[in-house]
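Here is how the chains run, residue by residue.
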Amino acid sequence: MKTDIIKQEVIELISELFKDKGFDVDILEHVNLIDGLEMDSITFISIVVEVEAHFNIEVPDDMLLFENFKCVDDIVSVIEHELLKKSEGIENGET
Amino acid sequence: MNKQLKKVIEYANKHSEYYQTLFLNNQIDCNNISELTFNKIPIMTKLDYKLNVKKIIVDEYQYNHINFLNKITTSGSSGIPLTIYFEPREYTISNLILWRLRKKWYGVNPYDKMCAFTSDLAINGIVMDAQDVYIRGNKMFFSKIKISRESISSYFQHIQKFSPNWLYIQPSVMMNLYSYMCEENLKLPDSLTYIELFGENVSYHFLKKLKQYYRNIDIAVMYGAKEFNAIALMCPCGKMHILDNNVFIETNDNNEIIVTGLVNTKVPIIRYNLQDRITLKENFLCKCGIQGSIIEEIIGRSCNIEYIDDNITSDLLKWIIEKVNYLYSECIYEYRLCSVKENKIVVGIYLNNSYLSWKKIISEEIKKYFRSFLSTSKAVEIVILNNCDVSLQSGKFKY
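Chains as they are written, first to last, in my numbering: chain A, 13 to 107; chain B, -3 to 395.
Just chain B, with the same shape it has in the complex:
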């Protein structure tokens, strides 16, 4: 059995209240861990993590010491905003695992100039508004909340002027940028040697088109999650290698990816259902020289929220929820897009109990942000939900 995996489980058993109870209730003998005992560990859902994270954190970081942990927020397209905790040194090691491969395969270093598109509300504590451009040191960030021809044209000019070494960009944004550049017969700056696509599924055909158009630029896909950092990176041969120093991967009967973090021992996440569906190939010997598991295909999310209106995607909903949660201290526990019709959008929110008397104010706040992006003919209705179970509802909101 994977030594690091064993170490994570043993440590969780010794120091995490949540896992001590879990292992006891499921008769898992952590002194004698084998593949068989590992497979008895129940699968963790996002909701499990959200409800139990304070008990998942090991004893050393309980109470005030929790402030020493890195906090990463994710709204997530599954509809459950999460706060992910990571011990700082372990977070650095987890990132280093990805950077080693980026350096080896694509020659980039964290200090190289980079442009990135983000739907995050804040960068380094500074709140970004939609269509903001933010520079920090050698990095330039663009908000991707509303991508239009005007914004893409403006971003392209910023990129030209900034002359980055690499681009960190979602496939949907890259599609817009590529279309714009083709129409206008434009080139990316000569300084750019690498494009990394992340955050969304990429079709083989689109990737092939990009590689043909940007001949002198390496293009790769990175698959990851905020809970774990990078899970897989595409090598120059085009294969998605699992970062098996960072994560242990399995799939269930539905091909859903089940992830165990191998680095984050202080806030262990064991057998976590990421709700993406993949096909995995084990022990693959690649021409790049690496032998190990690869992701053959990312089929898609088990729960997918697609387009809301014209070019506005679910990133907008995520961004609005994150903004309202920022203003009202995590008031929204869970959310989902209940329906999208020609003239009406219905958003369901599950409020934190302390905010139930504020439901009208919070609903108006959400509507206000929506109105600034949507056409005036579209009404927005906010429904306060009484009970949420994302795992039962997954896959039910396709449009």
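For reference, chain A alone in the conformation it holds in the complex:
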């Protein structure tokens, strides 16, 4: 899956999730989610749960750090990493 498409889908997920907060979708891409969204553990879990469900991945415990989810680009990197691991697993015949 191309980076641009992943990025767009992540932006849509986050803006849908926090639509009540009235964020401008155009700037969401550039916002520091820890400061801008006042990310706490609930926000963090919300984002992880939606991202995992949407992209059909499971983020391993050692990657579950606020720092890895502080902006859209960081989230995209995590997703790409997990999708790659998944496709390599499929190629190697892992179940």
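Think of the hints as simulated: they come from the structure by calculation, not from any bench.
What you are looking at is a predicted structure, and each value in this text was computed from that prediction instead of being measured.
There's no promise every hint is true.
Said to hold, decoys possible - Taking CB as the label site, the calculated pair distances span:
id, chain 1, residue 1, chain 2, residue 2, range
1, B, 25, A, 16, 34 to 42 Å
2, B, 222, A, 97, 28 to 36 Å
3, B, 182, A, 85, 27 to 35 Å
4, A, 16, B, 134, 27 to 35 Å
A virtual CB, placed ideally from N, CA and C, is assigned to each residue, including glycine.
Mind docking chain B on chain A? Use the hints.
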């Protein structure tokens, strides 16, 4: 052997004074952990945890660094108020494990609007009084200390107005809500898609009744403990799947559930007797696609405090003890309902040594709160206990 379990034990051995001593005294070789060596680890009781928690906490969080840990208080229906410590990131991961399943099976997210009933004294540091309603962001909390027809009617109206996506509710409260709604021919708001029952045993028949009445709403049971967060969640097929990324479960000869936390490595809890009795089925292949251990039945608590007076349950006693402990800095070490008769209730409390000279004041404080809830004909006596051993006394206070 479970890799995560091994990791928890090895880490506890390296960093926790309590476990270093425990393993040494029991000749447990943590460099060579097998099922056999794991079974040699002594079972921890709630009292063990309470007395030793400062030594259980790993070296990294000793002294002032303890302030970096999350603190969760539980009064517990076993009669021992506990403070549970959890490293914040591990606490988040532990919660995430439950949320993944809630999202997958029931489509809910932490940001969805929720209504919950609680017997906790405080929400986010704000002290709740009985029959309070408290809103924080997308969550509405109701106090469940005294559930009556009036309070249920009021709560129902709040729920209608708030239009939550899901309800987090104890079976006893749900029973009251369900009865009220049946009598008045009422509906829950259309926004509500999921009800999660927690905190008490649920009978199969009651669950079936609820599912028939609330046809368009998913209903599930969650079984957990503040020491570990969620232990099991009911899937859409009706099976209670153990969250085996979060906990490792065994049962003893009395069918008591023995839990080891797999996420909380900084304050490890290994082979902890939760005092609930269950039947476990291992390696069950469910139609939902998950294969693993399920809880077939939750038989009940080994020590159960039931009704005090009419509709007032042991939650009231818990709430009062928690309130007094809040006012007098954890003065009550342990408590129990010694007897309930037609015209008298006797509550035993075991005071922290520093508060022994305050026993009269503390007794009056407890009585004052009781009087505001009980009928005037009922006297309340407070007995100061000299020695408490809940494990010896468990199961002895049934009414």
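**OP:** Confirm or reject the claim that residue 222 (chain B) and residue 97 (chain A) have a C-beta distance inside 28 to 36 Å.
**Re:** 34 Å, holds
Original post:
Falls inside 27 to 35 Å, the C-beta gap from residue 16 (chain A) to residue 134 (chain B)?
Top reply: 32 Å, holds
Original post:
Do the Cβ positions of residue 25 (chain B) and residue 16 (chain A) conform to the proposed distance bound of 34 to 42 Å?
Top reply: 54 Å, violated
**OP:** Look at the Cβ atoms of residue 182 (chain B) and residue 85 (chain A) and judge whether their distance stays inside 27 to 35 Å.
**Re:** This hint is violated: roughly 49 Å between Cβ atoms.
Comparing the model with each earlier hint shows violations of hints 1 and 3; every other hint is respected.
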